[in-house]
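Asks: In case you want the letters, here they are:
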Amino acid sequence: MRYSYQRRTCAIPRAKMFPKGTKRKFSDSREEPVAGGEDVNQSSLAAVRMLSSYSLQRQSLLDMSLIKLQLCHMLVEPNLCRSVLIANTVRQIQEEMTQDGTWQIMTQALSAANAAAQCSADRLVATEVLCRQTEAAQGEQVPKPFPVVGSEGCPAKEVLEEEAAAAEVGMTMSTVSPQAPTSYLPGTFGMDPCWEEEETGEDDDDEEEEEDSEECGSGSEGEERERDSLVEDTRTAEQVFGTFEIKNPAPSPDPALEELFSDVDASYYDLDTVLTGMQSVPKMGPYDLLESLSSHGPSPLSSSTSCRSDLNELDHIMEIIVGS
Amino acid sequence: MEAVSCRCYQFNLLLVMLFVTADIISTVEFNHSGELLATGDKGGRVVIFQQELESKNQPQCRGEYNVYSTFQSHEPEFDYLKSLEIEEKINKIRWLPQKNAAQFLLSTNDKTIKLWKISERDKRPEGYNLKEEDGRYRDPTTVTTLRVPVFQPMDLMVEASPRRVFANAHTYHINSISVNSDCETYLSADDLRINLWNLEITDRSFNIVDIKPVNMEELTEVITAAEFHPNQCNTFVYSSSKGTIRLCDMRASALCDQHSKLFEEPEDPSNRSFFSEIISSISDVKFSHSGRYMMTRDYLSVKIWDLNMESRPVETYQVHEYLRSKLCSLYENDCIFDKFECCWNGNDSVVMTGSYNNFFRMFDRGYRQDVTLEASRESSKPRSVLKPRKVCTGGKRKKDEISVDSLDFNKKILHTAWHPQDNIIAVATTNNLYIFQDKL
Chain A
1 MRYSYQRRTC AIPRAKMFPK GTKRKFSDSR EEPVAGGEDV NQSSLAAVRM LSSYSLQRQS
61 LLDMSLIKLQ LCHMLVEPNL CRSVLIANTV RQIQEEMTQD GTWQIMTQAL SAANAAAQCS
121 ADRLVATEVL CRQTEAAQGE QVPKPFPVVG SEGCPAKEVL EEEAAAAEVG MTMSTVSPQA
181 PTSYLPGTFG MDPCWEEEET GEDDDDEEEE EDSEECGSGS EGEERERDSL VEDTRTAEQV
241 FGTFEIKNPA PSPDPALEEL FSDVDASYYD LDTVLTGMQS VPKMGPYDLL ESLSSHGPSP
301 LSSSTSCRSD LNELDHIMEI IVGS
Chain B
1 MEAVSCRCYQ FNLLLVMLFV TADIISTVEF NHSGELLATG DKGGRVVIFQ QELESKNQPQ
61 CRGEYNVYST FQSHEPEFDY LKSLEIEEKI NKIRWLPQKN AAQFLLSTND KTIKLWKISE
121 RDKRPEGYNL KEEDGRYRDP TTVTTLRVPV FQPMDLMVEA SPRRVFANAH TYHINSISVN
181 SDCETYLSAD DLRINLWNLE ITDRSFNIVD IKPVNMEELT EVITAAEFHP NQCNTFVYSS
241 SKGTIRLCDM RASALCDQHS KLFEEPEDPS NRSFFSEIIS SISDVKFSHS GRYMMTRDYL
301 SVKIWDLNME SRPVETYQVH EYLRSKLCSL YENDCIFDKF ECCWNGNDSV VMTGSYNNFF
361 RMFDRGYRQD VTLEASRESS KPRSVLKPRK VCTGGKRKKD EISVDSLDFN KKILHTAWHP
421 QDNIIAVATT NNLYIFQDKL
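The listed protein sequences correspond, in order, to chains A and B. Numbering-wise, the first sequence is residues 1 to 324 according to the numbering used here. Numbering-wise, the second sequence is residues 1 to 440 according to the numbering used here.
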């Protein structure tokens, strides 16, 4: 079953996207001078139209950027520079949307919509490990500032937490304390000293709390699990923030990548072509992507039992190694 | 009559050689004399070309290069801890100045730097007492006389052997290596750190720059390129993804996190967009041969900086300004993240960089003239002068102009190199290497 993600952009010539000039504010439309008579309607209509098209463009850029961050190379470590630049772009958009007030509107709409929906097994999944960890540390409300990338060797849960924080600047989320994954320390095995920074995540007082009970995983994670299940928990944020070249100009693509994305076309909004490992993924609305980035309470795995057993195995291995 | 050195660069280039490579070319570099040209590719191979000496003195044939040596520098590796492949793609090659008969170069992939020795063998010893010519051992009892082995000429053999392997010093992907003018040390830079090595010592390196934040969540800027000053062995620069260049003096402190100079141009508010930061990210930084200037390449322009002035560049050249209105599409297809390199000519009067559609651009700094040329088989008939190209940015398209919408963004020239002394240039398209020379 394929679901299409509605393209949110209007038919605006690309050349006109993101016009030069200073950032618009919501209030601009209200400040349009009243010319009188029909002209008033025309000019304010035009202003509203321009403003909404700008908003749509901005939204589509945000969506595009989030997808780019989510999808990652199967085998090769993604480009950190690219990830940082995309994440900075997302942050910029979010800051502007927060100033405009559109961010709050959007998140309220999201939480209203999702409160009604059930967290079904078909949704984007979390790793079993991830859920176990969130159980352990639940109750701690530690919203984090918007992070770009996790450290090398950080477990998937941390990765997704950070993505969630990335997606929800100014919003609330019940994140998991970063102290939770102390049992997962691939960094201690040699190369990566980065996971020394295990102090508790920032308490950002500016961020509110939000209850969101959605799944805590990303589709691409689940998909990769199908293929390379032992990879899961050692995936770094960099891998998740990796690159997916939609219209990949490289002449000789990685065959594994090709196989993975063989049915992806130029419409990057076709999320399902990416999530081929999933079964009957429901149609995703525009903001579901943001939702899917949050990591929250436990939710059931959706995929096959082989996946589950592999995760158990990984768990077992980790326990042995860590000696816990 | 003006002297040749004062004249505007003529931009009359002839195609002399065209090599088709097996894999995508990922780096191109002339050695210090220009006699050798090294290329690295995505498959981890290095191919070295040598200038034909017989034709070196003939004006029209200076650009004739032939394959001199080919070797596998890096192999793909697998990082078991992270379950990730380490690509064998050669990111950079840098030659060491020649000290003896052999040539040395450094080649690096994402994680490991190797020092290769390339040496010629054109003689071999013959006349052993205990061995036959084919290597079989002689029965000692048949030896009746003794002779001294002598060297006899043989067909030239070029051997490449790895002399040093500098590994395990980089957590992130290496983007630059640069040999110091002292010829004893070199630096290697990854996304967040720069290390200083001694060419003789492989098990130790000194970290001289570390911009990794304590909390990785706060990471917003990475190192994109680094280079040693050509004359001052204590000075190096590194560029960032936010469009800044930092000049550091290693005498100031062991860890050069504090820069001596910060070069940054204030943003033009009228051009502000969500892509401003991305296009300001510097993809390459190169000192001039004189050491007085440095050049940086960002997505749309080339900037020349005077090392004595940090506030803004002294010269700015637009490479393909017509792409500014296409940034959203280029973001969508990831082209906006392409890392173009740039280079100086031998006397720092002309700079060159690549673009899309197999175009490359040259800017004469003195006369403020520039040209767009194309490296393609269709447009490059051997020995005929390259015709300048023009991109039509709007309105009526003239004959021979190319409209922006028909540019091929899959054909990009990321790597170019200029002979250190002569007007010979090497231009790499995806898997073709073009060598052009000046028409005299």
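A few of these clues could be false.
[As the list claims (entries may be wrong)] Per label pair, the in silico range of CB-to-CB distance: (1) B:Ser276 with A:Ser52: 50 to 60 Å; (2) A:Gln99 with B:Asn231: 28 to 38 Å; (3) B:Lys396 with A:Ser52: 30 to 40 Å; (4) B:Asn271 with A:Ser52: 17 to 27 Å; (5) A:Ala109 with B:Tyr322: 34 to 44 Å; (6) A:Ser52 with B:Asn168: 48 to 58 Å; (7) A:Gln99 with B:Ser384: 27 to 37 Å; (8) A:Ala113 with B:Asn271: 53 to 63 Å.
[Claimed, not checked] Calculated lysine to any residue pairs in the SDA-like style (CA-CA distance at most 25 Å, straight line): (9) B:Lys114 with B:Glu35; (10) B:Lys326 with A:Ser53; (11) B:Lys326 with A:Ala112; (12) B:Lys82 with B:Ser276; (13) B:Lys242 with A:Ser111; (14) B:Lys398 with B:Gln421; (15) B:Lys326 with A:Gln92; (16) B:Lys326 with A:Asn114; (17) B:Lys326 with A:Ala115; (18) B:Lys339 with A:Ile67; (19) B:Lys399 with B:Asp422; (20) B:Lys326 with A:Ser60.
Keep in mind that the hints were calculated from the coordinates and are not lab data. The beta carbon of each residue, even a glycine, is placed where N, CA and C say it ideally should be.
Asks: Would the hint linking B:Lys114 and B:Glu35 be met if the CA-CA limit is 25 Å?
Replies: 22 Å, holds
Asks: Should the hint that A:Ala109 and B:Tyr322 are 34 to 44 Å apart at their CB atoms be regarded as holding?
Replies: With a Cβ separation near 39 Å, A:Ala109 and B:Tyr322 satisfy 34 to 44 Å, so the hint holds.
Asks: Hey, B:Lys326 versus A:Ala115, does the alpha-carbon distance stay inside 25 Å?
Replies: 40 Å, violated
Asks: Measuring from beta carbon to beta carbon, are B:Ser276 and A:Ser52 in 50 to 60 Å?
Replies: 23 Å, violated
Asks: For a C-alpha distance cap of 25 Å, please report whether B:Lys339 and A:Ile67 respect it.
Replies: 22 Å, holds
Asks: Within 17 to 27 Å or not, the Cβ separation of B:Asn271 and A:Ser52?
Replies: 24 Å, holds
Asks: Regarding the pair B:Lys82 and B:Ser276, is the alpha-carbon distance no greater than 25 Å?
Replies: Distance of about 33 Å is beyond 25 Å: violated.
Asks: Tell me if the straight-line CA distance from B:Lys398 to B:Gln421 falls inside 25 Å.
Replies: 37 Å, violated
Asks: Straight-line Cα separation of B:Lys326 and A:Ala112 no greater than 25 Å?
Replies: 37 Å, violated
Asks: Sort out whether A:Ser60 lies within 25 Å of B:Lys326, counting only the CA atoms.
Replies: 15 Å, holds
Asks: Tell me if the beta carbons of A:Gln99 and B:Ser384 are separated by a distance inside 27 to 37 Å.
Replies: Cβ of A:Gln99 to Cβ of B:Ser384: about 58 Å, so the range 27 to 37 Å is violated.
Asks: Take a look at whether the Cβ-Cβ distance between A:Ala113 and B:Asn271 falls inside 53 to 63 Å.
Replies: Check failed, 38 Å falls outside 53 to 63 Å.
Hints 1, 2, 7, 8, 11, 12, 13, 14, 16, 17, 19 from the earlier list are contradicted by this structure; the remaining hints agree with it.
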